[in-house]
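Undergrad: So you can see what is in the structure, the chains are spelled out below.
2 protein chains.
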Amino acid sequence: MGKNLREPLLKLLIEQKEGYISGEEISQRLICSRTAIWKHINELRSEGYQIEAKPKAGYRLVYRPDRVAPEELIPHLSTTSIGRAVRYQRSVPSTQSLAHEWAKEGAQEGSLYLTEEQTAGRGRMGRIWHSPTHSGIWMSLILRPPIPLNQSPQLTLLTSVAITRALRKQTNLPIQIKWPNDLLIHGKKVCGILTELRGEQDQVHYVVQGIGINVNATESVWPEELRPIATSLAIEGGRTFSRPELIGAICGELETLYDGYLSYGFTPIRILWEEYAGMLGQEVTARTGQGSVKGIAKGLAETGALLLETHTGVQTIFSSDIEW
Amino acid sequence: MGKNLREPLLKLLIEQKEGYISGEEISQRLICSRTAIWKHINELRSEGYQIEAKPKAGYRLVYRPDRVAPEELIPHLSTTSIGRAVRYQRSVPSTQSLAHEWAKEGAQEGSLYLTEEQTAGRGRMGRIWHSPTHSGIWMSLILRPPIPLNQSPQLTLLTSVAITRALRKQTNLPIQIKWPNDLLIHGKKVCGILTELRGEQDQVHYVVQGIGINVNATESVWPEELRPIATSLAIEGGRTFSRPELIGAICGELETLYDGYLSYGFTPIRILWEEYAGMLGQEVTARTGQGSVKGIAKGLAETGALLLETHTGVQTIFSSDIEW
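Those protein sequences? They're chains B and S, same order as listed. Everything in the first sequence is counted per UniProt numbering, starting at 1 for the first residue and increasing by one. Everything in the second sequence is counted per UniProt numbering, starting at 1 for the first residue and increasing by one.
So here's chain B without its partners, still in its complex pose (with noise of 0.2 Å):
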């Protein structure tokens, strides 16, 4: 039967409520072996299901983690464009990847790729993004601004506050930015946004923003070196959060966002950025392709670059990694 019986299994287990169900039972009515039962339960069990398994009485959910299903999305949307149309699979090696199809297929603007876990995730220049089963939000978003390729950085800006705000009010977690891609809690890393594009000179024809974010993920999921700069919005807040409650936030406050800078320009996005920004006005260090630069972070220029006054006047930064 192979993976066809995972969906049947879940839902027997979900029939039982409360109750046990024994290993015989669903091996009768599902025609697998119990050994075929017993790996799809460890399955379950390494996504976040908890099953208890009881000498005799046999196998009972005790917990489901919630889904960023389509149809859990939904009653937590109330944009017009932004997540309406939605493409989703429980497991898939990237999103980004699956995104940039679908773009180059005609997705409309606000196409949203989910899933629950990627197995081969990725982030800035290359590098591994982990995204350890329903643990995280993993999703890419299809835009289509027009505009030309120098504006392009702008989007990624607009991305960061969308969500910081939406996940402030969720959460009331201290969230910050830090330039030009990440959001932090007391200084480790929550979320990561990647934007990638297709486009010419004069005009980005498609944008494709990776979007992860940690939300009830522990400590364990990560490996070793990750730990000690990498945190969830459920360690920090001490509690689980609602994974579609949170995207429905997200898209609301990015289709606000989104359509004022269509008609507005990047100006008022800029400065709801510096707002949220922790990294203005203190020394940083930003290491580009070229060496590294110390000076104080000023703000943004027009086109989503970062100013820095170092001893020598103000430099724009485009590209570069930030510590401080």
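Any given hint could turn out to be false.
Pairs count within a copy or across copies, as identical chains cannot be separated in the list.
The calculated SDA-like cross-link candidates involving lysine to any residue, where the alpha carbons are at most 25 Å apart (straight line), are [said to hold, decoys possible]:
1) 294 - 265
2) 189 - 48
3) 294 - 93
4) 189 - 203
5) 189 - 148
6) 104 - 89
7) 104 - 144
8) 294 - 148
9) 298 - 316
10) 104 - 117
11) 104 - 120
12) 104 - 205
13) 104 - 94
14) 189 - 282
15) 294 - 203
16) 189 - 271
17) 169 - 303
18) 294 - 280
19) 104 - 119
Keep in mind that the hints were calculated from the coordinates and are not lab data.
Start from chain B and add chain S according to the hints.
TA: Then chain S, alone, in the frame of chain B:
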């Protein structure tokens, strides 16, 4: 037999050397109708083949247009990367679209997609690019430069310089560069370059550069409205040019300049560009998305943007149509 008749028919005609071959003999040897032969003869004529038809004697091949197929190009190539991987199809909708697919499959740097005609060739901002059969060079070049997104306009300028140098040497014609992406002779367009890319703020993932050059075109191949503004090397030079030879020369200049660019940056390219740009020092009008700007064209910014000296100061033009 349909499309399969074309190649054997051409082979028969070529084999006759200076002699005629009767319709009846063709019909017997290719097992096809006289009508089918006539249809394919006319198709070959529309591609630039001159085929004489003499009553009683039959058909004779008088002139064969050159082709840009790999076997004709290779003798003219002296490069190690640019043009070393080639894909060729006699007719395609657009080499750009096919090269994007190829780049995604992992095409190596310098890969070149070549064709005799495009049925849906495109220029900047989705404009139509006329690519009549055998009359020009229609090709797309794949590059993978390790540069951030904001430096990508430099690549259009680099390629403009490379093509200008190659064509000046091969034709002795006074080719000039018009920012951002055209080459002109006596004010008329002879070449356009379309730089499309996929990338993120920190790095370009790949570039697909469409290069269209009117080589042996006569005015009659263009629609009425293009005739006052378009020209070809043949019209200006009073003779036809070998397209494979020109492509070989262009690949050579491209490789030299691109290698230099990767080692020494944009400055040497900028100096050459300014030498070939007909518009420098002149008053020009830049029509941007936000309106028109009038000023004296002063040169290039380090990113490849155009610097215009207006009465309110120097303005940096990133995307616009230029008139002067």
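Undergrad: Each hint should be assessed against the structure and marked as holding or not.
TA: These are the hints, each one checked on the structure:
1. For the homomeric pair residue 294 and residue 265, the shortest alpha-carbon distance between copies (23 Å) is at most 25 Å, but the shortest distance inside one copy (30 Å) is not.
2. Taking the shortest Cα distances, residue 189 and residue 48 sit within 25 Å of each other inside one copy (22 Å), while across copies they are farther apart (63 Å).
3. In this assembly of identical chains, residue 294 and residue 93 lie within 25 Å of each other by CA distance neither inside one copy nor across copies; the values are 38 Å within and 50 Å between.
4. In the homo-oligomer, the alpha carbons of residue 189 and residue 203 lie at most 25 Å apart only across protomers (22 Å), although the nearest pairing inside one protomer, at 32 Å, exceeds that limit.
5. In this assembly of identical chains, the alpha carbons of residue 189 and residue 148 lie at most 25 Å apart only when taken from different copies (24 Å versus 30 Å within one copy).
6. For the identical chains of this complex, residue 104 and residue 89 are neighbours both inside a copy (19 Å) and across copies (23 Å), given an alpha-carbon limit of 25 Å.
7. Taking identical chains as interchangeable, the C-alpha atoms of residue 104 and residue 144 lie at most 25 Å apart whether they share a chain (12 Å) or sit on different chains (21 Å).
8. Taking the closest pair of Cα atoms, residue 294 and residue 148 come within 25 Å of each other only across two copies (20 Å); inside a single copy the shortest separation is 30 Å, beyond that limit.
9. For the identical chains of this complex, residue 298 and residue 316 are neighbours both inside a copy (10 Å) and across copies (22 Å), given an alpha-carbon limit of 25 Å.
10. Taking identical chains as interchangeable, the C-alpha atoms of residue 104 and residue 117 lie at most 25 Å apart whether they share a chain (23 Å) or sit on different chains (24 Å).
11. For a Cα distance limit of 25 Å, the shortest separation of residue 104 from residue 120 qualifies both inside one copy, at 21 Å, and across copies, at 17 Å.
12. In the homo-oligomer, the alpha carbons of residue 104 and residue 205 lie at most 25 Å apart both inside one protomer (10 Å) and across protomers (17 Å), since each shortest distance falls under that limit.
13. For a Cα distance limit of 25 Å, the shortest separation of residue 104 from residue 94 qualifies both inside one copy, at 16 Å, and across copies, at 15 Å.
14. Proximity of residue 189 to residue 282 under the C-alpha cut-off of 25 Å is restricted to the intra-copy arrangement: shortest distance 19 Å within a copy versus 52 Å between copies.
15. Proximity of residue 294 to residue 203 under the C-alpha cut-off of 25 Å is restricted to the inter-copy arrangement: shortest distance 22 Å between copies versus 33 Å within a copy.
16. Within a single copy, residue 189 and residue 271 get their C-alpha atoms as close as 23 Å, which meets the 25 Å cut-off; across copies the closest is 44 Å, which misses it.
17. In the homo-oligomer, the alpha carbons of residue 169 and residue 303 never lie at most 25 Å apart, since the shortest distance is 28 Å inside one protomer and 40 Å across protomers.
18. Taking CA atoms no more than 25 Å apart as the test, residue 294 paired with residue 280 passes inside one copy only; the shortest distance there is 13 Å, against 37 Å between copies.
19. Taking the shortest Cα distances, residue 104 and residue 119 sit within 25 Å of each other both inside one copy (23 Å) and across copies (20 Å).
Checked against the numbered hints given earlier, the structure breaks hints 3, 17 and satisfies all the rest.
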